[in-house]
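The chain contents come next:
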Amino acid sequence: MPDNFLKRRDIGKLIASVRDAGGRFVAPALAARQAVYKDISSAEELDDDYILPRNSYKELVFPQTEVIADFTIGKDGVGLKGRDVTGRDTVVFGARPCEAASLESLRSVFTWGFIDEFCTKREDRLVVITIACTKADGACFCTTVDLSPKSVTGSDVALSETDAGDYLVHSVSEKGKAFIAKHSDVFKAKPSADAVVKPIIMPERIKGVDLEKIKKFLSDTAHYENPVWPELTRKCIGCGACTYVCPTCHCFDITDEATAYGGKTPFEGERRKNWDACQFDNFTLHASGHNPRDTQFKRWRNRFMCKFNYYPKKFSSKGCVGCGRCIRVCPVRLDITEVMEAISKRP
Amino acid sequence: MENALRKKAKELLEKGEVKVVIGFGWNRDKTFTTPVFITKPEDAERLVWNPLCVNNLSVYLTRKFKDIQALGRPAIVAKGCDIRNILVLISEGQLKREDVFIIGVTCNGVVYRQELRKGELKPEIMPTKCHNCDVRNPHATDFVVGDKSDFKPPESPTGMVFNKIKEIDSKEATGRWDFWVNEFSRCIKCYACRQVCSLCYCERCITEKNMPQWIETSAHPRGNLSWNLTRAMHLVGRCTFCGECERACPVNIPLNVINQKMITVVKDAFDYKSGYDEKTHPPMIVFSPDDKDDFIK
Ligand code: SF4
Ligand code: SF4
Ligand code: SF4
Ligand code: SF4
Numbered sequence: 001m002p003d004n005f006l007k008r009r010d011i012g013k014l015i016a017s018v019r020d021a022g023g024r025f026v027a028p029a030l031a032a033r034q035a036v037y038k039d040i041s042s043a044e045e046l047d048d049d050y051i052l053p054r055n056s057y058k059e060l061v062f063p064q065t066e067v068i069a070d071f072t073i074g075k076d077g078v079g080l081k082g083r084d085v086t087g088r089d090t091v092v093f094g095a096r097p098c099e100a101a102s103l104e105s106l107r108s109v110f111t112w113g114f115i116d117e118f119c120t121k122r123e124d125r126l127v128v129i130t131i132a133c134t135k136a137d138g139a140c141f142c143t144t145v146d147l148s149p150k151s152v153t154g155s156d157v158a159l160s161e162t163d164a165g166d167y168l169v170h171s172v173s174e175k176g177k178a179f180i181a182k183h184s185d186v187f188k189a190k191p192s193a194d195a196v197v198k199p200i201i202m203p204e205r206i207k208g209v210d211l212e213k214i215k216k217f218l219s220d221t222a223h224y225e226n227p228v229w230p231e232l233t234r235k236c237i238g239c240g241a242c243t244y245v246c247p248t249c250h251c252f253d254i255t256d257e258a259t260a261y262g263g264k265t266p267f268e269g270e271r272r273k274n275w276d277a278c279q280f281d282n283f284t285l286h287a288s289g290h291n292p293r294d295t296q297f298k299r300w301r302n303r304f305m306c307k308f309n310y311y312p313k314k315f316s317s318k319g320c321v322g323c324g325r326c327i328r329v330c331p332v333r334l335d336i337t338e339v340m341e342a343i344s345k346r347p
Numbered sequence: 001m002e003n004a005l006r007k008k009a010k011e012l013l014e015k016g017e018v019k020v021v022i023g024f025g026w027n028r029d030k031t032f033t034t035p036v037f038i039t040k041p042e043d044a045e046r047l048v049w050n051p052l053c054v055n056n057l058s059v060y061l062t063r064k065f066k067d068i069q070a071l072g073r074p075a076i077v078a079k080g081c082d083i084r085n086i087l088v089l090i091s092e093g094q095l096k097r098e099d100v101f102i103i104g105v106t107c108n109g110v111v112y113r114q115e116l117r118k119g120e121l122k123p124e125i126m127p128t129k130c131h132n133c134d135v136r137n138p139h140a141t142d143f144v145v146g147d148k149s150d151f152k153p154p155e156s157p158t159g160m161v162f163n164k165i166k167e168i169d170s171k172e173a174t175g176r177w178d179f180w181v182n183e184f185s186r187c188i189k190c191y192a193c194r195q196v197c198s199l200c201y202c203e204r205c206i207t208e209k210n211m212p213q214w215i216e217t218s219a220h221p222r223g224n225l226s227w228n229l230t231r232a233m234h235l236v237g238r239c240t241f242c243g244e245c246e247r248a249c250p251v252n253i254p255l256n257v258i259n260q261k262m263i264t265v266v267k268d269a270f271d272y273k274s275g276y277d278e279k280t281h282p283p284m285i286v287f288s289p290d291d292k293d294d295f296i297k
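Protein chains in written order, with this note's numbering: chain A, 1 to 347; chain B, 1 to 297.
Calculated directly from the structure, the hints in this document are not laboratory data.
Hints may contain errors.
Said to hold, decoys possible - Covered by chain A, per the in silico footprint, the following chain B stretches (three or more residues, Cβ under 8 Å):
hint, region
1, 23-33
2, 58-66
3, 80-89
4, 184-198
5, 211-217
For glycine and all other residues, C-beta sits at the position ideal for the given N, C-alpha and C.
Bound-form chain A, shown alone (with noise of 0.2 Å):
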């Protein structure tokens, strides 16, 4: 049963009333001809044909780019002087289960040993809405990866569409509790005796992808020169894109910027903190000039490996959510999914 209901036509006043409190409200809206999350200030920029994002919104916790500290360069020394982080209070409206689930493999990796305040103090302040899937993609795979359309996890406050383009409200989490509750002049109490709900969409899960087989061949070392992998990985061009707009890939760099405009002098700079990502040739080259993944199947290995063993195994969370944003975005259409059939299928 659900909790609440929620009419289309009030999205434009919950827009308002989280912007008045001084929140962002991010939403799936165009932007050069595709769906991507986007800050929003109206209920007009909603994109209503979306399958899900270009982007993922991992974003809003873990910045492509940020300033963590602040350095100058003087006679004695270089001075650091780090910046705090108080997050902001984020809505994320329309996200996808799939997409959910992710959040809950970034927050494993920084908190793991230390505690990245950049991406917790964020996260906290952050409410996911996620609504149903009533349309899916050759690039959908939830199903394969256990989740679906149906699933929760990782979502505050989940949403199912009705016929009319309203929605049945389920409180998820107690920060999606508290959230309708600040805002409980949308989300009225209940929903008209009328309301029908959209068919939800159930990607069919593809055949010969056995998790459990794919994670004990990961596991065993013999098989990491096992010639599948250039086989199976040989065309890929060592771009970013794959692990830019996944959601749960979450690697960076971190490096210096002279910030000699604006006022400053030379001396002055930024500490910043960017994404990086595993597929670049530079990722893993040492300084003297050593590359353990000297070849590109090497490096797509890793991404696979992280997804599929590492993250299982060491934080007992998903690596890989089924969103298929890899796929559709990769200029050589690399298809995990054939990669996960073709290693299940291996003795």
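Using the hints, position chain B with the ligands against chain A.
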């Protein structure tokens, strides 16, 4: 046509003339084409050719792919536009003509993006390059597959990219600047544009040189602008307008507009278009006493 292609590939592998055939194959669901590397004669059956074969496979001939080079002499399935890139690679000393066996395919156009095709190939889903193509009958080949095309490109170039260039050129300098700053603001620095480009073959791209860091790696407006402009400048007189960078860009930055603009500038200044002849060098790397400009004399 596919049969002729497979037959040739099989024969080349059987005779040992080549060790690998770089071509197109199907994905699992036969909904997308994807690059394949055929090393066994019996696998030549996997090769396909159709309007979804958009990739410019010449990127796999570059030194970025040491493991592919290690396989031995390649044959490559290439459209006329892809062959243009191969010829630039040869003219820049990246490859010798005899190092590669070029299986040219005659082409009636490809789709702009594979996901756009529903059924047949319609002009409105073809990229600008196809509407103006003068290499539908591939040049510089070792073998040609397909019937001769009698397509004649229009006198003056047409298509979305040219319209967009006109539109941008009609703006004031500030308008042009704002347009590009806005487009580049979406860049996520994934470098797919660079990786997919066969002419971006540097093993260490300038953006990876960090002592000093010439180009900021941060995806902020300044970093994005310096990346995109620098990359554009490094392709002047070389880029063939194959369109791979724009196709690969996950955030739809209209890179073809920059590329075509540069091509037009080079054409007007030097009467040069890249990729038609491997013996002529791109204008930016040669000195000619007959140069129209006299600043260097
Ligand atoms: S690996 Fe691909 S399908 Fe899996 S979560 Fe990442 S982007 Fe989605
Ligand atoms: S798998 Fe595709 S998107 Fe990912 S690095 Fe390789 S070529 Fe790029
Ligand atoms: S169009 Fe893009 S990918 Fe093709 S040669 Fe020019 S810069 Fe390279
Ligand atoms: S492909 Fe697009 S997003 Fe990626 S680096 Fe190039 S311009 Fe930027």
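Now for the hints, and whether the structure bears them out:
Residues of the region 23-33 of chain B lying with their CB closer than 8 Å to a CB of chain A number 6, which satisfies the three-residue condition for coverage. Only residues whose C-beta sits within less than 8 Å of a C-beta in chain A count toward coverage, and the region 58-66 of chain B has 5 of them, enough to reach three; the restraint holds. A count of 0 residues in the region 80-89 of chain B with a Cβ less than 8 Å from any Cβ of chain A is obtained; the coverage claim is therefore unmet, three being the minimum. For the region 184-198 of chain B, the stated coverage by chain A holds: 9 residues have a C-beta nearer than 8 Å to a C-beta of that chain, and at least 3 were required.
Residues of the region 211-217 of chain B with a Cβ under 8 Å from some Cβ of chain A number 3, which satisfies the need for three, so the listed coverage holds.
Violated hint for the displayed structure: number 3, the only one.
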